[in-house]
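Full structure from sequences and hints, please.
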Amino acid sequence: MPELPEVEVVRRGLDRWVTGRTVGEVEVLHPRAVRRHLAGSTDFVARLSGSRFGTAMRRGKYLWVPLDDDASSLLGHLGMSGQLLVQPQDTPDEKHLRIRIRFDDALGTELRFVDQRTFGGLSVHENTLDGLPDTIAHIARDPLDPAFDDAAFHSALRLRRTTVKRALLDQSLISGVGNIYADEALWRTRLHYDRPTATLTRPKSAELLGHVRDVMNAALAQGGTSFDSLYVNVNGESGYFDRSLDAYGREDEPCHRCGTAMRRRPWMNRSSYYCPSCQRPPRTNTPRA
DNA sequence: CGGCGATCCTGAGCGC
DNA sequence: TGCGCTCAGGATCGCC
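Adding 26 to a residue's 1-based position in the first sequence gives its number in the numbering used here.
It cannot be assumed that every hint is accurate.
[Unchecked claim] With beta-carbon atoms standing in for the labels, derived distance ranges:
#1 Ala72 / Gly134: 20 to 26 Å
#2 Arg309 / Ala72: 57 to 63 Å
#3 Ala163 / Glu279: 37 to 43 Å
#4 Ala247 / Arg187: 32 to 38 Å
#5 Asp156 / Arg187: 27 to 33 Å
#6 Ala244 / Pro280: 17 to 23 Å
#7 Pro292 / Gly50: 45 to 51 Å
Hints listed in this document are in silico derivations from the structure and should not be mistaken for laboratory results. Cβ atoms here follow ideal geometry from the backbone N, Cα and C, with glycine treated the same way.
Right, here's the structure in full:
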């Protein structure tokens, strides 16, 4: 599933293959894929048609392409199964093709939004003065953004009355971290997911942030190699799953640091993977976690 | 209003 | 073999 590094690879692909092109015919094949465009699919198509794509941008897992004079943008989120593909027009439709965007040129390729589970989608929004689509104004900068404020992040953690993994997944604090990267960064920092953020020292939160950046950069280095290949294909698939993960998905397997069997615990309708030896549960909290 | 649980969706995988 | 259950998960909404 696409997380920040995969989305960045898609952004680069978009920049290479669709920036500067003018939109022609647009087809919405599944209404759920444009549900965030509140004015509906007819309006979505109208807003997009005839627009010229600017430089592709990203914040966290959100992607957007400014339209024409930068007053509005085409915003995209891949959800958990979304893909943006640049395909030759005569390529057969993918089974889960949701949106087709053709261009008013002779290049012969089109942009396709393909999404099995339809958690993702595309929409058109006005931009704020910062050039950000207005609906994502509340999304914090991501840790790979040079303007990310480490000190402010630490202060926010201290003020929150929540646990560290929840905080990592909180878009208003830090964006782009998903379940996999959260578990990996917590393992590297030897932090239990239920640790209250208010107990984190400044060095510990700095270490955590460093590990978040490390796992993302490692994944980016992997995924960044594939988009440039011979096929005209902007694809969010990551090489990251070929890498050995240290925490995610490793239930009952030995910890790469100490050999203790890794554990999986239900967490927020999903799972948390951790080493019970390296990542001790907080004493004040759920003792059997 | 901050925190948190429920919810959306579909296919893979697994147990019986 | 095939049915039905569980799981995967980001972001949003509504409730306390």
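Outcome of the hint check:
{"no.": "1", "hint": "Ala72 / Gly134: 20 to 26 Å", "result": "25 Å, holds"}
{"no.": "2", "hint": "Arg309 / Ala72: 57 to 63 Å", "result": "59 Å, holds"}
{"no.": "3", "hint": "Ala163 / Glu279: 37 to 43 Å", "result": "42 Å, holds"}
{"no.": "4", "hint": "Ala247 / Arg187: 32 to 38 Å", "result": "36 Å, holds"}
{"no.": "5", "hint": "Asp156 / Arg187: 27 to 33 Å", "result": "30 Å, holds"}
{"no.": "6", "hint": "Ala244 / Pro280: 17 to 23 Å", "result": "21 Å, holds"}
{"no.": "7", "hint": "Pro292 / Gly50: 45 to 51 Å", "result": "48 Å, holds"}
Violation of the numbered hints given earlier is absent; every hint is satisfied by the structure.
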